[in-house]
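S.K.: Residue strings, one per chain:
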Amino acid sequence: MTRVGIVGIGHTAFGRRSDATVQELAFEAFREAVLDAGIERDDIDASVIGAVPEYHKQRSLAGVVQEYLGLAPKPTWLTEVACASGSAAMRTAWLAIKAGVHDVVAVIGCQKMTELSTPEILALMGRVGEVQWESGFGTTFPAYYAMFAKRHMHEFGTTHEQLLEVAVKNHHYGALNPKALFRKEITMEKAAASEDVATPLQVYDCCANADGAACVILASEERAREISDKPVWLAGMGCATASMSVLRRPNLVGLPSAEQAAREAYAMAGIEPRDVKVADVHDCFTVAEIMAYEDLGFCAKGDGGPFVADRQTYIGGDVAVNVDGGLKAKGHPIGATGTSMTHEIVLQLRGEAGERQVPDADVGLTHNVGGIGQYCFVQVLTRE
Amino acid sequence: MFKWFGRVNYAPFTKVGDFAQHLKDGRLMASRCKQCGATSFPPRADCEACLSGEFEFTELSGRGRLHTYTKIVAAPTGFEDVAPYTVGVVDLEEGGRAVAWFGESIPEESIEIDMELQVVPRIFEELEEIRVFYSLERPGTTWAKT
Amino acid sequence: MDLGLTGKSALVTGGRTGIGAAIAVALAGEGCDVAIVDRVHDETADTVVGKIADLGRRGLVIQADVADHAAAHEAIATVVTDFGRLDIVVCNAGINWDGVIWKMTEEQWDSVITVNLKGYFNYNQAAANVFKDQRSGKIVNISSINGLRGKHAQTNYAASKGGEIALTKSLARELGKFNVNVNAVAPGMVLTEMAQDLAPEFIHKAADETVLGRIAESQDIADAVVFLCSDRARHITGEVIKVDGGQYM
Numbered sequence: 001m002t003r004v005g006i007v008g009i010g011h012t013a014f015g016r017r018s019d020a021t022v023q024e025l026a027f028e029a030f031r032e033a034v035l036d037a038g039i040e041r042d043d044i045d046a047s048v049i050g051a052v053p054e055y056h057k058q059r060s061l062a063g064v065v066q067e068y069l070g071l072a073p074k075p076t077w078l079t080e081v082a083c084a085s086g087s088a089a090m091r092t093a094w095l096a097i098k099a100g101v102h103d104v105v106a107v108i109g110c111q112k113m114t115e116l117s118t119p120e121i122l123a124l125m126g127r128v129g130e131v132q133w134e135s136g137f138g139t140t141f142p143a144y145y146a147m148f149a150k151r152h153m154h155e156f157g158t159t160h161e162q163l164l165e166v167a168v169k170n171h172h173y174g175a176l177n178p179k180a181l182f183r184k185e186i187t188m189e190k191a192a193a194s195e196d197v198a199t200p201l202q203v204y205d206c207c208a209n210a211d212g213a214a215c216v217i218l219a220s221e222e223r224a225r226e227i228s229d230k231p232v233w234l235a236g237m238g239c240a241t242a243s244m245s246v247l248r249r250p251n252l253v254g255l256p257s258a259e260q261a262a263r264e265a266y267a268m269a270g271i272e273p274r275d276v277k278v279a280d281v282h283d284c285f286t287v288a289e290i291m292a293y294e295d296l297g298f299c300a301k302g303d304g305g306p307f308v309a310d311r312q313t314y315i316g317g318d319v320a321v322n323v324d325g326g327l328k329a330k331g332h333p334i335g336a337t338g339t340s341m342t343h344e345i346v347l348q349l350r351g352e353a354g355e356r357q358v359p360d361a362d363v364g365l366t367h368n369v370g371g372i373g374q375y376c377f378v379q380v381l382t383r384e
Numbered sequence: 001m002f003k004w005f006g007r008v009n010y011a012p013f014t015k016v017g018d019f020a021q022h023l024k025d026g027r028l029m030a031s032r033c034k035q036c037g038a039t040s041f042p043p044r045a046d047c048e049a050c051l052s053g054e055f056e057f058t059e060l061s062g063r064g065r066l067h068t069y070t071k072i073v074a075a076p077t078g079f080e081d082v083a084p085y086t087v088g089v090v091d092l093e094e095g096g097r098a099v100a101w102f103g104e105s106i107p108e109e110s111i112e113i114d115m116e117l118q119v120v121p122r123i124f125e126e127l128e129e130i131r132v133f134y135s136l137e138r139p140g141t142t143w144a145k146t
Numbered sequence: 001m002d003l004g005l006t007g008k009s010a011l012v013t014g015g016r017t018g019i020g021a022a023i024a025v026a027l028a029g030e031g032c033d034v035a036i037v038d039r040v041h042d043e044t045a046d047t048v049v050g051k052i053a054d055l056g057r058r059g060l061v062i063q064a065d066v067a068d069h070a071a072a073h074e075a076i077a078t079v080v081t082d083f084g085r086l087d088i089v090v091c092n093a094g095i096n097w098d099g100v101i102w103k104m105t106e107e108q109w110d111s112v113i114t115v116n117l118k119g120y121f122n123y124n125q126a127a128a129n130v131f132k133d134q135r136s137g138k139i140v141n142i143s144s145i146n147g148l149r150g151k152h153a154q155t156n157y158a159a160s161k162g163g164e165i166a167l168t169k170s171l172a173r174e175l176g177k178f179n180v181n182v183n184a185v186a187p188g189m190v191l192t193e194m195a196q197d198l199a200p201e202f203i204h205k206a207a208d209e210t211v212l213g214r215i216a217e218s219q220d221i222a223d224a225v226v227f228l229c230s231d232r233a234r235h236i237t238g239e240v241i242k243v244d245g246g247q248y249m
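Sequence order for the protein chains is U, B and X.
Counted from 1, the first sequence has number 72 at position 72 by our numbering; the numbering is strictly sequential.
Counted from 1, the second sequence has number 70 at position 70 by our numbering; the numbering is strictly sequential.
Counted from 1, the third sequence has number 196 at position 196 by our numbering; the numbering is strictly sequential.
There could be a bad hint or two in this list.
[What the hints assert, rightly or not] From chain B, some residues computed to sit far from chain X (all C-beta separations above 12 Å): (1) Asn9; (2) Arg32; (3) Ala38; (4) Thr39; (5) Arg44; (6) Ala45; (7) Lys71; (8) Glu109; (9) Ile111; (10) Glu125.
[Claimed, not checked] When the alpha-carbon atoms are kept at most 20 Å apart in a straight line, the in silico PhoX-like pairs for lysine-lysine are as follows: (11) Lys177(X) / Lys145(B); (12) Lys51(X) / Lys169(X); (13) Lys3(B) / Lys103(X).
Hints are computed from structural coordinates only; laboratory data are not their basis.
Glycine residues also receive a C-beta, built at the ideal position from the N, C-alpha and C atoms.
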């Protein structure tokens, strides 16, 4: 069966884009990817859009995006799995190419988070969990991860300072990423002094909403080698789910969906966790990155705190994690994050990451989580 | 009626709607599948184990242990005037988990993971409409205070 | 008919004489322990307690002015302690002090409003505290058809009686979610001590106004109150039941 390669990538600046509609953002990323691939628009057989509709005024986003990109009459549809929508779009395109139905597919992750008013956003915030049994008590997205953090601290002695090390690291690298929302380093003191959001998480433990888009163009192996001299391969693709409700999870110190998706991706790619040189993981909250190290097998269960505190996830450590700034410094336009992560790993494996380059990056990984872990997509990408 | 349940309610129509009536009567109910006996909290009408749609309610003791918790400072719509508030996830003695607020019998300083708790059915006393919920209280706390 | 009142505990204000005494004894007859509250504790009060004891139940006299807010809360607490429970509170104590408005003194107005309306507030509030926490209870407030229709020379009395009805309905709204019923009974003219001070022609006039051809006796009122206190009236709340022989419709 054919391998699937990435032949073109594009990425907008992430941030408050009051200057553009979601389709205009999608176009920016798409244009960059098409130029990067050196293809004609007509070479694209289909597109898959990853976005979360409820944040937009425009209904049925896929249609308006593909129209603006000029892709009609090629097939298109939307995939939505909360913050992993971009990765779901990637997986859909991968499935179509592996099945031999399409040869070249454009995947556009795009999202505006700032079209809604504050009250509208606050109302959505309270509906992240399972609305029937949880939202009536005022749970919020940060509250769930806060509860994971408290339990993690209870079971493993993880400290809040270790959590904030993630924020410090990711802001350090965000400062090197011209596309990131936040491009200044932060100090531990500044982070620790920020306001409480849901204890123990403070403002600096939480990623920021942003608008943005990132595009990845996938091709079958045959077409990929024709189009590009540096295709990056999707060597392992894992996908798993867990209960939406935290009330039905086996434990609250890791994401079972991530563990399972990682196992699947590693097996398909034929690698071990220690083979991964560079990774983009889903740091919607600092504790999420720490749990990701453990779920992905980068370190043992419970050791995530010391792992980052010992700088093992900086460039030069065991595995460089989130050296594009992560969700924390880059911003989190939820539908675009999956393709944004892929964009960074492709840059790394091509050797085009400039100041952020991880030396000899031959195997990379993306870990994209939807919501509070009900969906997880893990991709292993390789240079060869 | 299930629309009574919670400070805000986004799920007014459900097959397990009578849960809220029982709560108003002071009873915390799990569901039990009539076909295979599997129980669930939160209650569910459709059995995960055997796919049957026939269920009945079965009363729980309300006893449990605190699994984890957080104090929510940044509140969503409908909760702005009561923030900050502390919610906890409780592992129930008979199985299953609940998320709920801490009640008045638990001082904030005393909250500790693994502490024993009692999940107590509650009514929002000062609202004109009927709204019900449950709160996490010291063991031995009852629904009827006298 | 088993009204389900056996073993329940009740408090009746103004239970020494007239309608209140009849209510107290009628509740005892259905199996309630009954405490009566009155300004005066004399032989008459003890006689009522004696009748309650004859019916095999416990009786108690609590001496208090119903306008005394603190005393009302103490009285409720006493009943809960002595009888071990409280299920029913009937507010019945009231006075009148008639006069056309242009001759009515402030004292005339204030005293009637205070004893009647504030008195009911005092006992309704104390009862609500207990009933709300125990998630059950019955409150019956004795009002008057004059609170519905007005009465010459009774701006004060009618205001207090109308106020008691509004209080009843509002309280019913507040306590419904706790399984507590709050209702009012509105008698027409009743043959009691209060009525005995009236000239006979007033009584005849009232009887003529009824369609049943007589004015009420205390027992007529008591029977309606007992029904409202029973499980039979479990779905009745915020209601005003006139017991007036059709005197006012």
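S.K.: Hints broken by the structure, by number, lowest first?
M.R.: 10, 12 and 13
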